[in-house]
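Protein chains: 4
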Amino acid sequence: MAGNSFGQVLKITTFGESHGRAIGVVVDGFPAGIPIQLSEIQAALDRRRPGQSHITTQRKETDQVEVLSGIFEGQSTGMPITLVVFNHDARSKDYSHIQDAFRPSHADFTYEAKYGHRDYRGGGRSSARETLARVAAGALIRQWLAPKGVSIQAYVNQIGSIQTTRPYYELDLSLTEKNIVRCPDQALAQKMISLVEETKKAGDSVGGMVTCVISGLPVGLGEPVFDKLHAELAKATLSINACKGFDYGSGFGAAAMLGSEHNDEFVPGIPHPTTKTNHSGGIQGGISNGMDIYFRAAFKPVATIMHDQNSVDKYGNAITIKGKGRHDPCVVPRAVPIVEAMAWLVIGDFWLRKLEKG
Amino acid sequence: MAGNSFGQVLKITTFGESHGRAIGVVVDGFPAGIPIQLSEIQAALDRRRPGQSHITTQRKETDQVEVLSGIFEGQSTGMPITLVVFNHDARSKDYSHIQDAFRPSHADFTYEAKYGHRDYRGGGRSSARETLARVAAGALIRQWLAPKGVSIQAYVNQIGSIQTTRPYYELDLSLTEKNIVRCPDQALAQKMISLVEETKKAGDSVGGMVTCVISGLPVGLGEPVFDKLHAELAKATLSINACKGFDYGSGFGAAAMLGSEHNDEFVPGIPHPTTKTNHSGGIQGGISNGMDIYFRAAFKPVATIMHDQNSVDKYGNAITIKGKGRHDPCVVPRAVPIVEAMAWLVIGDFWLRKLEKG
Amino acid sequence: MAGNSFGQVLKITTFGESHGRAIGVVVDGFPAGIPIQLSEIQAALDRRRPGQSHITTQRKETDQVEVLSGIFEGQSTGMPITLVVFNHDARSKDYSHIQDAFRPSHADFTYEAKYGHRDYRGGGRSSARETLARVAAGALIRQWLAPKGVSIQAYVNQIGSIQTTRPYYELDLSLTEKNIVRCPDQALAQKMISLVEETKKAGDSVGGMVTCVISGLPVGLGEPVFDKLHAELAKATLSINACKGFDYGSGFGAAAMLGSEHNDEFVPGIPHPTTKTNHSGGIQGGISNGMDIYFRAAFKPVATIMHDQNSVDKYGNAITIKGKGRHDPCVVPRAVPIVEAMAWLVIGDFWLRKLEKG
Amino acid sequence: MAGNSFGQVLKITTFGESHGRAIGVVVDGFPAGIPIQLSEIQAALDRRRPGQSHITTQRKETDQVEVLSGIFEGQSTGMPITLVVFNHDARSKDYSHIQDAFRPSHADFTYEAKYGHRDYRGGGRSSARETLARVAAGALIRQWLAPKGVSIQAYVNQIGSIQTTRPYYELDLSLTEKNIVRCPDQALAQKMISLVEETKKAGDSVGGMVTCVISGLPVGLGEPVFDKLHAELAKATLSINACKGFDYGSGFGAAAMLGSEHNDEFVPGIPHPTTKTNHSGGIQGGISNGMDIYFRAAFKPVATIMHDQNSVDKYGNAITIKGKGRHDPCVVPRAVPIVEAMAWLVIGDFWLRKLEKG
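Protein chains in written order, with the working numbering: chain A, 1 to 358; chain B, 1 to 358; chain C, 1 to 358; chain D, 1 to 358.
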C-alpha cells in the first residue's frame, strides 16, 4: 500500500518525478465556496523555487502553477482541486553517469531494491522537487483558514553550528523574509549566509533547523489516541526530505525537567482558560488548547556534494561517484515554506475531522 | 473522524478507559497460521504493569489478558484478534475531587472543551493505561516477526539530567532489564534510581529519554513519499502519552553537520551493500536499507505531582488542585515496552504494505 | 488488508466467531453526549436473535449485550464504544464431523484456501452470527439519529415465490412486526409462514427479499463520485450473509423505461423542492434529495439444509455431507433488522462525512 | 470526507469536470516493473468515447490520453501514475440556459444544495465524462493482470424491453464488439439498434442492462466480512452514473429458490475443487472460489431528453426546461467499457490486498 496521500478528511495525493513531465497534487475534501487566488499559490511556490538566491541550486524552473480541476469562477467547488507544474529545465543527461550508481545517503539504493525499476533522473520521485506539490496544496488551505485567524510561520533558527537560543516569542517573525536564509535575527542571518557561501565554495553541504509557530487555532483540534495533533505534525514534518527530528513545546529539553517546573498552570480566561507557561506547546492530550503551537524540525546536510565519494553500483561493484552538476549547499531556507505547508495540511485536515458534539 | 486506530494494513483499534470496565484492542489484518503464546503477551504486559517496582505507581492491577476472538487451536486465523484486560483496582472515588477541575498539563480541559461529556476518572481515555492495549498488540506482532530475525530493543538513556552519551552499539542491551529503570549502564542506572526515589519523596516527577534499536529488518520497508518509515515511527512514538520529541539516526545533531561528514558511504556486501557509517539510521528516502534503525523519544515529567497547584475548573473559577493519591514519579522506565510495542506496530504494518514487484 | 471495518468517519470494527468466546463491535467516531439506553440495543438484538420463533434456528442464545467502553453516566463520550455478546450455546462438537469438509455453498472451502487455518465450528467468522455486532452498532446510531427525524424500516416483501407487488407506500409498515415473517401484508404473511413451515419440514431452505425505506433524511448526504449514497448502501447490504442483489428506486425495472417516463419532475417546495415521482429513490448524483430512499435486497436460501449432499473434503476426496443439526429454513425475516442496521451505519457515516461549506 | 478515491491498496483518485480544463486520474499503489502500452489505454478510451457511432452523443472529443507521471522507459515505477485527457469540444455556452435550473433527475439540485457553488456546465463533476478516468485506470490494470490469465468481458443484455434470456456461457462474447450496441446476440443487437434509433428520433432516452463476466481469477480474492468481493463489485458498479441495481450469480432470482436447488456441489479437481453448478457466481463467503464471477448492472434511461419538462430553478421558481443540445439516447453500450474498468479496479485492489499467510 503506497504512501503518496496525506490527510484523512482533507486529503492530498502528490504525483510526479523530478525530471518527468510534471509535478502535481490532487486536493480532495477541500470545502466549497472558498475564494482562491492563483497568485497566492504562485507566491508560495516562488518561496520554494530553485534559483531564488545565489545560495540555492541554479536549476532554472519558473514553477508556474496551473489548475486542472475543482476551481470554478474563482471559487472552490468541493470537487478535487488539481494543481500542476510542468518541468522545463530537466537536464536528464546530467544523470546518465549515475544511472547504475547508488549515491551515498540518497534513496537510489533503497528505491532500486524496493521497486526494481526506477526513474534515476535527479532522484525521480525521491527528489525534494516533489515538495512543490505540498507547498501548492498548503497555499490553498492558507486561503481558507488564514481569514479565520490562523497563522503559520516558520523560520530558520540554526544552520550548521550557528543558532539562535532565543525562543520564538522574543523574535520578530515579520523579519524572516528579509534575508535569504530566512532567519528573523538579522545579525545571525549574515553569519549563516557566510557559512552557506563557504560551504558552497567547499563543494560541501550543511544542515540546519527550522522552528514553526502556529497561532490562532481554536481549542479542540487533534484526535486521541493515535492521531494526536503533535503526532501528525511529527509525521508531516518528518515526511519532508532530509528531516531527521521533530520536537514540540518543551521538546527534548523536557527530559531534564521536573513536573513542578514543567506543568502549565491554568489561568481563568474568556472564552476559555489560558496557561501561564506553555511547555505543553499548545497541545494537551493530543488536542489543541488554544495556546501557540511551536515545534522544531532538524535537517541533515543534503547528500549531494561536489566531492568524490566511494560507493557501490547496482551490480555490487565498488565505484567512485564524481561530484558534479548543480547542488544546493543548504536547503534549510527552502524548507521553511515546506514546513509551513505541511503544518497547513495537518491543521486543515484536523479542522475537518473535528467531530461535532451530538 | 476519530483516531483510535493505528496502521493501514495491519490495523489496531484500542478501546477502554482507565477506570471503565476494560481496556482492549482489536488487531485486524494479522496473518493467519501464526502460533501465539498467551504467556508472551502476558509477559509484555507485566513489563508495563503498574506496581512492578517501588518507584512506580502502586495501583494494583494484575493486567491479566484474555482473548475474545481470532485465535483458534493456538494459532491466528486471519480474523480480528481481540485482547482484553478488565480493570479491577479502579478507585474511582479518588477522582471525585477533580470531577470539575482541570489539572495542569493533563488533558482534562481539552477533552472537556472538545467532547463536552467526559469520563474524568483517572483521566478516562487520556490515561496512559490505554497503552497496555498497544503493548498487547505489539506482543502479538513480535511472535510473528521475531522468528524472522527482527529484534526491537528499547532502553532508558536519560532520566532528568542523568544521561549516557554512549551510542547504543557501545552498550550491552541485554542488561536493560537488570535494573528497575531499564538503563543498560548499571552504574548510571543506580544514579537514576536514586534520582527517581528523591523525586518521589519530594512529591515531584521527572522526565527522561528512551532510545530504541530495530535490527534484522529486510531492505525495502517504508512507503514514499508521506509514509516514510521514520515518519510513521515518529507518529507512533509521539502518540505515546508524555512524549515530546523524536529523532532518528543522526537526529538533531545532523543540523550542525556537513554533508561530507554525514554521508554514509556504501560498501559492497552480500546480499546487498551496507554502509560504512550509519548516520542515516537505517533509512534512506523513507525506506529501510538493512542497517540498524535507531531513534530517540523524549518524555516530559508526568503531570500528576503531589504539590498543590493553581488551576481553573470547568466553570472558569480559579481553584487549587491538592496533590494526593497514587502517582508515578517517573514513567520513562515503563515507557520502554510501550516504545517497543509502537515500533512493532509500525514494522508489522510496513511488512504487510510492502508491494510485491509486478 | 482485511475487511472487518465499515464506515469512514463513523467506523465500526466487528470481531468474534460463531462458537468462539464472544462476538463484539468497536464503534469509533460516535459523537459525544448522546444519551444511550442499553435496553434499546438489547431490543434490537432480540429482533435478530436465534430461537425467536418456531421457524428460526433453535440455537439457544440470549444474546445479552455488555458495554466495555465509551459510555459514561448514560451518555457517549466520543471515545470508542465497545459492545460485546458472549457466546453460550456453542455446541462445538456438532461440527466435528465437518471439520475437514467443505459444505456446498458455504465459505468452508474459500476460507481454507485463503487462510490455511480456520475456526470451522459453525462457520467461525463466516457465520451470520457476526451480524449481531452490526445490529448492536445500528441500535446505537438509531438513538442518535431517530430523534433528528430519521426513520429506517425494512420488511419482507418476498419469500420463495410468494411476493407482494405493492410499493412500500401502499403498505402499513407499522404492521411489520405483527407476524413472525415480518411482512406488513398480513394475508401474505400467513402464506409465507406456511411456506417456511413446509420448507422446514422438508429439511430444505428458501430465499426471499427485503425492502428497506429510509425517511426523514436531510438533503446532501452522499459523496461523489465513488462514495455515492446508493453505492455505499449496496456495499453495506451485499456484505450481509446470503445477499445476492441490491437495487434502489426504479431499480432493475429502470432498464425497460424511457427517460420521459423515468424523470422525476421537480415541484417548488419549502424548504426545498420535492419531486412529483420518485424513480430516483431519493438520491440524485449519489446525494440524498430529501425524498424517501427505498431499496431492495435479495437473499438466497441458506446453504445449511437437512439433505445429504455430495461434496469434497480438504484433502480433495469426494464425500457426502450428512444433513443434521440445527438449521434456519428461511433467514429472511431475521435479515430485516440486519438490513436496517447496515442502513443506519451508512447514514450515520455520511451524516458525519457531510462537508461543511467553507 | 469526499469520495473521489476508489480502492484500498491499489487506489485511484479521479479529478476534473465535464467542461473544465481536463479529466484525469492518479493511480497509486500500482506495482513496479509492469510494461505499459499507452496505445492500449487509448483503445480503451476509444471504446467509451462520445461520437463513436451515430447512436451516441455527437460531442467531438478525441480523448487523447497523456501520461504525467509514474511511467519510465515504458514501465511502471511503483510511483503514482497520472493520466490526463484535456477537454476540447466544451461548448460551455450550451449550458448558460440551465445555469440556475435544476434539470429533472440530474444532480443539479443536490450539488447546489450540498456545495452552494457548482460548475453547472454539462453537469460539471457529476457528468459521466468523469468515467473516462476510470476507463484509463482500468486499462492500466488490464495490462498487469490479463497476462496472468484474468479476463473481464461485459456486454449489453438488455435495452428497453429487448433482452436476451440466455446465460452468458451460451453466448459468444467475442462477438460483443461486432455491433454498435455491444450485444453478442447479433439478431437481438439489430432490434436494439432500431429501438435506440427510434428513441433518438423521439428525443427520448431508454435504459438497459449490462452483464459482466470475470474469468481466470485465483481462489482467495475478497476480504471478510464487510469487504466481500461482491460487495465491492456492487459499490464499484453502482458508482457508475445512471446505475440502479446490481446482482451476481443467481441474483434476484435466488429469492424464489430452494436451498436444495441453489447449493453448488463441490467436485474434486486439480489444483482445487470446482462446483457442479455456479449459482454462487464464483464467490463464497465474499471470497473468490475460482469459478467464473458474473454480475448484472441495470441502467436507467439518461436524464437528458429533448422534451420540454417542468422543473424548478435555484430560487424556487417553477420553470420549463427546454429540450435542446446534444444527447445520448442510450448510454448502455458506452457503459460496457466502464463496467469492465470498475471490475478491473476491484480485482486489482483485491489482488494486492490478499494477505500472505504467515
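Watch out, some of these pointers could steer you wrong.
Identical chains share a label here; the pair holds if one copy fits it or two copies do between them.
Unchecked claim - BS3-like cross-link-like pairs, simulated, lysine-lysine; straight-line CA separation at most 30 Å:
1) K178 to K314
2) K191 to K314
3) K191 to K178
4) K191 to K324
5) K148 to K354
6) K276 to K324
7) K276 to K201
8) K200 to K276
It is worth saying that the hints were derived from the structure and are not from the lab. What you are looking at is a predicted structure, and each value in this text was computed from that prediction instead of being measured.
Going down the list of hints, with the structure as the test:
When the C-alpha separation of K178 and K314 is checked against a cutoff of 30 Å, the pair qualifies neither within a copy, at 45 Å, nor between copies, at 44 Å. In this assembly of identical chains, the alpha carbons of K191 and K314 never lie at most 30 Å apart, being 41 Å within a copy and 49 Å across copies at closest. Proximity of K191 to K178 under the C-alpha cut-off of 30 Å is restricted to the intra-copy arrangement: shortest distance 14 Å within a copy versus 49 Å between copies. Taking the closest pair of Cα atoms, K191 and K324 come within 30 Å of each other only inside a single copy of the chain (27 Å); across copies the shortest separation is 52 Å, beyond that limit.
In the homo-oligomer, the alpha carbons of K148 and K354 lie at most 30 Å apart both inside one protomer (16 Å) and across protomers (20 Å), since each shortest distance falls under that limit. In the homo-oligomer, the alpha carbons of K276 and K324 lie at most 30 Å apart only across protomers (23 Å), although the nearest pairing inside one protomer, at 53 Å, exceeds that limit. Taking the shortest alpha-carbon separations for K276 and K201, only the inter-copy value of 26 Å comes in at or below 30 Å, while the best intra-copy value is 47 Å. In this homomeric assembly, K200 and K276 come within 30 Å of each other (Cα to Cα) only across copies, at 25 Å, whereas the closest approach inside a single copy is 44 Å.
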